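There are 2 protein chains.
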Amino acid sequence: MATVVNTTTMASSRMPNGSPGYKAKPSAPEKAPKYSHVFAVHASRRTSCLTSGTPNPPSFIGFRNLMILMLIVSNLRLIIENFRKYGVLICLSCHDYSRQDLLYGLLLYVEVPCHLLVAYYIELIAARQANDAVAQVKRASESDSEIAKKQRSFQLTWRLIALAHGANATLNLAIASWAVYYKIHHPGIGTMCELHAIIIWLKSCSYAFTNRDLRLALLSTSSAAAIPELYKSCPYPRNITIKNLAYFWWAPTLSYQPVYPRTDCIRWPFVFKRLGEIFGLVIVIWVASAQYAAPLLQNSLDMISTLDVISIIERVLKLSTISLFCWLAGFYALFHSFLNALAEVMMFGDREFYGDWWNAPSTRQYWSTWNKPVYHFMRRHVHAPLVGRGIHPALSQILVFVFSGVLHELLVGIPTHNIIGVAFFGMVIQVPLILATDPLLKFKGVTGKVAGNMVFWISFCILGQPLAALLYFFAWQAKYGSVGKDSMSQTVVSQ
Amino acid sequence: MATVVNTTTMASSRMPNGSPGYKAKPSAPEKAPKYSHVFAVHASRRTSCLTSGTPNPPSFIGFRNLMILMLIVSNLRLIIENFRKYGVLICLSCHDYSRQDLLYGLLLYVEVPCHLLVAYYIELIAARQANDAVAQVKRASESDSEIAKKQRSFQLTWRLIALAHGANATLNLAIASWAVYYKIHHPGIGTMCELHAIIIWLKSCSYAFTNRDLRLALLSTSSAAAIPELYKSCPYPRNITIKNLAYFWWAPTLSYQPVYPRTDCIRWPFVFKRLGEIFGLVIVIWVASAQYAAPLLQNSLDMISTLDVISIIERVLKLSTISLFCWLAGFYALFHSFLNALAEVMMFGDREFYGDWWNAPSTRQYWSTWNKPVYHFMRRHVHAPLVGRGIHPALSQILVFVFSGVLHELLVGIPTHNIIGVAFFGMVIQVPLILATDPLLKFKGVTGKVAGNMVFWISFCILGQPLAALLYFFAWQAKYGSVGKDSMSQTVVSQ
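For the record, the sequence lines run as chains A and B. So this note's numbering is basically just the index in the first sequence, starting at one, shifted up by 764. So this note's numbering is basically just the index in the second sequence, starting at one, shifted up by 764.
Mixed in with the good hints there might be a few duds.
No copy labels: a pair is met if it fits in one copy or bridges any two.
Under the rule of at most 20 Å between Cα atoms (straight-line distance), these lysine to any residue pairs were calculated in the SDA-like manner [claimed, not checked]:
| id | residue 1 | residue 2 |
| --- | --- | --- |
| 1 | K947 | L870 |
| 2 | K1007 | V1023 |
| 3 | K996 | N895 |
| 4 | K849 | S1075 |
| 5 | K849 | D1072 |
| 6 | K1208 | R1031 |
| 7 | K1213 | A1200 |
| 8 | K849 | V1073 |
| 9 | K1037 | L814 |
| 10 | K996 | A807 |
Rather than coming from a laboratory, the hints here were simulated on the basis of the structure. Note that the coordinates shown come from a computational prediction; the quantities given were computed from them, not determined experimentally.
Kindly generate the complete structure, drawing on both the sequences and the hints.
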């Protein structure tokens, strides 16, 4: 029955134009058909729908579906190929970290936040000193000279406080980096520790800078206007409490504010969904890297050592699929699932942890959208102040990328025990890339945007990341040989 | 300078919300910055843009760009891999067709159209007979019984004429198929000859059927209304001329009409553009098949013979990319470039040789849009008449696919000297596929359409075609062994 309906509807819908020979058929089957052969199929002038300048150009949505299928198919093929080559490489039992790695990891996990506590005590002293200053100003006859004197004396104390903060923060990074570089062999554990240390470092810097400006605003009556409305509910000295600091410690941001926009309640189902996502994605990433990345990296070693360029390109291109996959999964797990879950538990209101960086029409836009917490930190505590001090914005941007490059090198170079500067270079190279892709935005239409977006994907995900991974893996191998094999792709050896 | 502009614009555009600390900077660099550290980065509640039900969901156009890049990259990789494995397989000098193949090819090229000429002479006799009938009707007293008698006598003559046409058309196919199967070894030349014969066969069938109905309409005064307006300029007997037939012979259509919509002039630049496209695409297809398909088919032989299923799937998936590429390129070259060029030269007005089949939401729609000339022939001369004679539309559709399956088997089975019925089965299997994908159209929203489109791509391009290619190649190898190698992938051997 279904087909009958379809066929008749089709019969009527497909007709190029109405004709008695065709139209009459379903109704009067014995008369009309005699002439069905004369039906004018070609009744009017028409153009092929792919001809340029055709009145109604067709959609190409079907080709998008085809692309999705081809990607699935080609990777399905690689999965089969990989399976037939290596079998199952994933093994649950074979962990390869030493007890020392775990011990130092735990120690750092406890030690690192203490520096935030120290920062709090420093601020406590600074707050007291500021309160006294304000009180004196109130008592004294309010002559401008008086206030100026107070501010000068404040400036001096601030230098001491800044010194203390600097020492505290630097110590944090120094201790963590030393422990990771010399005591923690496993790159995974090392990276987590180093990341934790850097986050706390950034948080304590932001804490110090922000409170310093709040204090400054408190003393100079004129500048109270500069304080955002939001903070009014918790004016300066009152925000220097353990509770306030503890909230900042766990809040999913790197920029300290006395007050944050908050949500009214914790939606536990939301939290558990996010946790489920994290769990699933971590497993997927682990499988992808153990089953596909590890052997790929392994059998690309000799090519690098022999500098067989074509082979290296071939390896990089093959690696790019997996690294891209892991990158996207990792991004979602960390920036969407994890930070949202954390924000929900902390009732943190502002969930804009990333923008739609995947549409970035220029490298600049990518760097300003993919990682908002760091982006906000850099703008608020590095770029803006530098520009404020009269440094050329372009130069200050370069400085931001250099600074960020140093952090990246710390984050990758130290846990892999190879400070080869690839991560640093990878960040610094972004500056010329930005200069190269900015002009594309000026093009009319979408071509410029698409081109810029393509350049970003190629430079960052298809060449940049896999190449960096390959280089650090090679450096690791050069340094540790088979140990490295155990450590980064033990699964291969375990076959 | 460019960067300055960009940075400032960025500074203003990036700001989450206006703040004196930030806004003032470029203007008053010595005062404002003092408080830049207090700027409220987190000023309001916001959701991550990937959260479901977010007020302004982001576009994912960037991921489309990424898909395109990944397809390019993964195939670029395969190209490198292929090059490192086989080197350059393309060779211009090594042609592998015998002089006999060419000779019989040329003979068929001359012989086949003669059957169209024969059809013309048959029609000429029929036309004379019809004219006499009309004249007699005119002379005689116009009693219905008289006309009925004439029509009966006409019916008899028509049977003879039908017999003549049938014999002529069948002879055409028989001779061509015999020559191709027994005398032309090269599958390429064979396919071209067989295709030519089938086209001429369809044309002569359409010529016979159409003129038969025109004649019938001429005799029965009542049914003159059934004749399309378009034909009025050349009423029935006057269209039986060599000139009119010659035009139909070369016109890019399989459905005969005494009159076609025509264009006013030949745009030669358009013609040469299309010819350029054909030239380029043919080379591309040739390279793809010689360099990529041939070795793939070669080293998948043992897997088929040992029936190693996983390997066969792997091969089919790998083959699908190339077969799909060749299919798309071939479709464009034949249905867009060639038919448009031909139509332009013939000043043929109706260029709708295909619809947007790539968006086909169901298998049914694909078969009714991808090849309009054959689709029109089937509707006009098979489906409509059958339905007209009271056959259930669904059954008539099945018959159409069975008929089309026979033609496909002729087209593939005979040139490859292996009538293994795969092409036939491939066409007949479309009927259940249509029944399976039709319901998808009933779903609300796009999901159904997308699903149907995916089913079409998978069944047709990703599994169907490469599997068929593999099977015919295997059958060829089983029959000719090394000769087959020479013939279908001589280039591999020639290394």
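Going down the list of hints, with the structure as the test:
1. K947 <-> L870: within (12 Å within a copy, 82 Å between copies)
2. K1007 <-> V1023: within (12 Å within a copy, 90 Å between copies)
3. K996 <-> N895: The answer is within: 17 Å in one copy meets 20 Å, while 104 Å across copies does not.
4. K849 <-> S1075: The answer is both: 19 Å in one copy and 12 Å across copies each meet 20 Å.
5. K849 <-> D1072: Only across copies: K849 and D1072 sit 15 Å apart there, 23 Å inside one copy, limit 20 Å.
6. K1208 <-> R1031: neither (45 Å within a copy, 32 Å between copies)
7. K1213 <-> A1200: Classified as within: same-chain Cα gap 13 Å, cross-chain 41 Å, threshold 20 Å.
8. K849 <-> V1073: between (24 Å within a copy, 16 Å between copies)
9. K1037 <-> L814: For K1037 and L814, only the inter-copy Cα distance (14 Å) is at most 20 Å; the intra-copy one is 46 Å.
10. K996 <-> A807: between (77 Å within a copy, 13 Å between copies)
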